[in-house]
Amino acid sequence: MKSSWARMLCRLLMALMIWSPMQLAQAGMIGTDQLVTAPSAADRTTVLEFLGRADVANQLQSLGLDAKNANERVAAMTDAEVQMLAGKINSMPAGADSTGVIILLLLVGAAVWWIWFRR
Amino acid sequence: MVDLVPPLAIRSALKNARFTAGVFIFATLAALSGCASFMPQTKELGKALPAGLPEEIELTATPFFPQLEYQCGPAALATVLAAGGVKVTADELVPQVYLPERKGSLQVEMLAAARRHGMVSYQLAPRFEDLLREIADGTPVVVLQNLGMFSSGWHYAVAIGYNYERGTLVLRSGTQERDVLPFGVHEIVWMRGGYWAMVAVPPDKIPATADENRWLAAVAALERAGDARSARTAYTTFLGRWPANVNASIGLANAHHTLGDLGEAEAVLRKAATSAPDSVVVLNNLAQTLSDLGRDQEALPFAERAVAAGGPFTAAAQKTRDSIAERLRSKTGGVERLK
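Here the protein sequences come in this chain order: A and W.
Just so you know, the first sequence maps onto residues 285 to 403 in the numbering used here.
Just so you know, the second sequence maps onto residues 438 to 776 in the numbering used here.
Since the hints were made in silico from the structure, they are not lab data.
Just so you know, these numbers come straight off a predicted model, no measurement behind them.
Worth double-checking, as some hints may not be accurate.
Okay, derived cross-link-like pairs now, DMTMM-like style, lysine to aspartate or glutamate, Cα gap no bigger than 20 Å in a straight line [stated by the list, open to error]:
1) W/Lys480 <-> W/Glu538
2) A/Lys352 <-> W/Asp528
3) W/Lys768 <-> W/Asp715
4) A/Lys352 <-> A/Asp339
5) W/Lys540 <-> W/Glu529
6) A/Lys352 <-> W/Glu529
7) W/Lys480 <-> W/Glu566
8) W/Lys756 <-> W/Asp729
9) W/Lys768 <-> W/Glu741
10) W/Lys480 <-> W/Glu602
11) A/Lys352 <-> W/Asp574
12) A/Lys372 <-> W/Glu538
13) W/Lys524 <-> W/Glu538
14) W/Lys540 <-> A/Asp363
15) W/Lys708 <-> W/Asp698
One-sided excerpt, in silico: chain A residues whose CB lies under 8 Å from chain W [what the hints assert, rightly or not]:
16) Gly312
17) Ile314
18) Gly315
19) Thr316
20) Asp317
21) Leu335
22) Ala351
23) Arg357
24) Ala360
25) Thr362
26) Glu365
27) Leu369
28) Ala370
29) Gly371
30) Ile373
A virtual CB, placed ideally from N, CA and C, is assigned to each residue, including glycine.
The whole structure should be built from the sequences, with the hints applied where relevant.
The following block contains the structure:
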């Protein structure tokens, strides 16, 4: 119970941390990113979106990044991208492997390709 | 050291056994399904070369960053960024895209990290033809492949050329500077990642296959990431191609505003206000810009019009109007006190 409250508090603080400089920069001006996303997204409460950012930053931290790095990475994402990642980082593809495997696959694929393309 | 050898040998034997099984299953499936569903786009491409594409091209000047273990993400991204003129190495990109616990890089982060270097990143439509068009236009393309037999095996490579007659694609991939793959093989491994492909171009360029709205969103994403200077260039380039796009004008004005060029912002917004006189955002941002220039008297009517126009941004418009009205009141109050 206590830890879940602590986590919530952490998220809120992170959200505020990420939020405050933006608020200062954008005072009074309606941002372009709000325009180009779907109209329904513009209605969504800002606090929820920034909680989403804090959430993703938290997840990135749990995957081996320090807090500063995680925040900088999240800052480069759009709201839509943050929504895409929130809660789903572990199930998403992460490009990593080298090409050793391709050789055998190439043999199979080449045979198939031969049928369609070289005929 | 010696007792390390057997486990490794067993592991690689197991891996090979699993792999052979995978190849077998794959080949059987391919035979059963008659192959067509395995490479629908290759089949389509095989009919004829799409109009306007050269028979053969290779962007040989594209730099090559051989990847270290698991780090194809940074290597692939460095390749396209450097090709676009950014001075960066794969090592420098590791802290920006690599996730240690996942031993890889996420697609979203590949797109996001490019913005941190002032480039506009754009996810291509999932079409083989578009991939070829970008290469033909001189832009190397990052593709996500799945080289594993089962679920893992995600890999980023950079497509830099093709030969239509031979039906082959040339890629910078992993430790291979020039990996040549038949279209069909590439499609099979590419399809598994939903035909995911991205380009990252300098802000004064528009990709060959860019769609107006999605390209604008890509530029807005760069602006949001905090690079107003590059965003300004990108909006200007955008308006050169699509001059009637009001949202791009708003974006350009916002970039000017962020950079402190309030006069430029005003000029762009005034022009936009004549072509879109009911746009809440144009009116609101023009009012705010005039107010920031110290011209609250002039700003107030625009703020009033923004509120009257209604729509999803009404709350923001009301806030702008109230703060302008408040500034006017305190100014006149001050003047009266001086009398």
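Interface hint outcome for A/Arg357 [beta carbon to chain W under 8 Å]: Hint on A/Arg357: holds, closest Cβ of chain W at ~6 Å, below 8 Å.
Hint A/Gly315 vs chain W: min CB-CB distance below 8 Å? Holds, because the Cβ-Cβ distance from A/Gly315 to chain W comes to roughly 7 Å (cut-off 8 Å).
Hint check, A/Thr362 versus chain W [nearest Cβ-Cβ separation less than 8 Å]: At 5 Å from the nearest chain W Cβ, A/Thr362 passes the 8 Å test, so the hint holds.
Mind checking the alpha carbons of W/Lys540 and A/Asp363 for me, to see if they're no more than 20 Å apart? The given pair, whose Cα atoms are some 25 Å apart, is violated under the 20 Å limit.
Decide if the proposed pair is consistent with the structure: W/Lys540 and W/Glu529, CA atoms, cutoff 20 Å inclusive. Given that 20 Å is the threshold and the Cα spacing comes to 17 Å, the pair holds.
Take a quick look at whether A/Lys352 and W/Glu529 sit within 20 Å of each other, Cα to Cα. holds, 16 Å
20 Å limit on alpha-carbon distance, applied to hinted pair W/Lys768 and W/Asp715: violated, 29 Å
Quick check on A/Ala370 please, does its C-beta sit within 8 Å of some C-beta on chain W? violated, 11 Å
Less than 8 Å between beta-carbons is the criterion; does A/Leu335 satisfy it with respect to chain W? For A/Leu335, the interface hint is violated, since the closest Cβ of chain W sits about 18 Å away, which is over 8 Å.
Does W/Asp574 lie within 20 Å of A/Lys352 when you go C-alpha to C-alpha? Cα-Cα ~38 Å, so violated.
Holds or violated: is there a CB of chain W closer than 8 Å to the CB of A/Ile373? Given a least distance of 7 Å, the restraint on A/Ile373 holds.
Does A/Thr316 pass the interface check with chain W, least Cβ-Cβ distance below 8 Å? Because about 4 Å separates A/Thr316 from the closest Cβ in chain W, which is inside the 8 Å limit, the hint holds.
The structure does not agree with the numbered hints 1, 3, 11, 13, 14, 21, 22, 28 and 29 stated previously, though it agrees with the rest.
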